[in-house]
Amino acid sequence: MEYEPHIRDMLTTLKRVAGAFKADGVPFALTGGFGAFARGAPPSRHDVDFAVLPEDAERALEVLAKAGLRPVDAVEDWLVKAHDGDVLVDLIHSPADSPVTPAQLARATPLQVDSVRLPVMEATDLLVMRLRALTEHECDFSGPLATARALREQVDWGRVRAEAGSPYARAFLVLLHQLGVVGAEHSGVRHEPPQYAAGHLQQALAEDPRTAEQGIRVRVAGDDVYLSGSVSCPRRRDRVLEVARERMPGRRIHDELSVVRFDGPVREERLT
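Numbered per this note's numbering, the sequence shown spans residues 25 to 296.
Please note: incorrect hints may appear among the correct ones.
Here are the computed lysine-lysine pairs in the PhoX-like style, where the Cα-Cα straight-line distance is at most 20 angstroms [as the list claims (entries may be wrong)]:
1) Lys46 / Lys105
2) Lys39 / Lys105
3) Lys90 / Lys105
4) Lys39 / Lys90
5) Lys90 / Lys46
Simulated from the structure, these hints should not be mistaken for lab results.
With the sequences and hints as input, model every part of the structure.
Written as structure tokens, this is what we have:
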């Protein structure tokens with residue numbers, strides 16, 4: 025596969041670091057943007073991240089220095105850094121005061137990245153690490169959102185909710201629910217009882233000027249909403265579905281509506 029030059033340089037560095045760690049026996053796992061890339065997300069455009077144990081961080085940095093990389097001072101105390109030309113390598117050992125553990129490295133999966141096979145952090149651990157990094161001053165959801173969308177089938181969302189912890193992580197899970205990436209059971213969003221939700225949607229369909237439909241039947245089952253009944257034309261059905269999606273964000277709307285065509289032209293009543 026062809027990559028733009030900057031991405032190709034980062035992949036070359038990735039392989040160089042992985043080879044050095046393997047040769048010296050340093051336990052590690054690929055994480056961050058390229059960890060997500062190895063599992064199906066778009067490639068990182070910033071740096072190359074590896075997870076190492078806290079007790080191995082300085083040794084890992086020395087290994088990279090012997091391999092020709094240039095160690096640099098890091099202001100943060102939860103990682104160490106090195107440069108390979110213009111490419112920055114982060115060795116993360118204690119993100120958000122949560123040290124990398126042998127169990128996390130043991131859960132890493134050997135995957136092929138470009139032309140090298142190396143351990144890649146488990147999807148759930150990878151996302152938890154990203155969400156723990158969210159703070160009041162570092163609260164950009166765009167990166168984690170791309171990762172969550174790409175890895176949604178690989179992630180144990182119950183574990184993410186239990187382990188990520190912070191209010192920023194909880195807000196992110198609510199966002200994922202609103203976007204339909206995860207169900208309510210993983211977002212922490214409490215739904216009202218199904219019968220009340222159905223009644224409120226029926227009322228909205230009757231009162232919203234776009235629909236004003238009295239005869240729509242609504243059934244709610246978990247994250248699924250079933251709409252049945254008759255409408256006078258396809259356009260009115262589209263409006264019913266539009267209102268239902270607005271009122272039930274994050275839920276799946278099932279269209280079981282029938283369009284009943286009457287003889288002669290159909291006049292659309294204007295509501296004032």
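Here is how each hint holds up against the structure:
Pair hint Lys46 plus Lys105 holds up; C-alpha atoms about 18 angstroms apart against a cutoff of 20 angstroms. The straight-line distance between the Cα atoms of Lys39 and Lys105 is roughly 16 angstroms, inside the 20 angstroms bound, and the hint therefore holds. A threshold of 20 angstroms between alpha carbons decides the hint, and for Lys90 with Lys105 the separation of about 14 angstroms falls inside it, so the pair holds. About 15 angstroms separates the Cα atoms of Lys39 and Lys90, which keeps this hinted pair within 20 angstroms; it holds.
For the hint linking Lys90 to Lys46, the alpha-carbon distance of about 14 angstroms falls within 20 angstroms, and the restraint holds.
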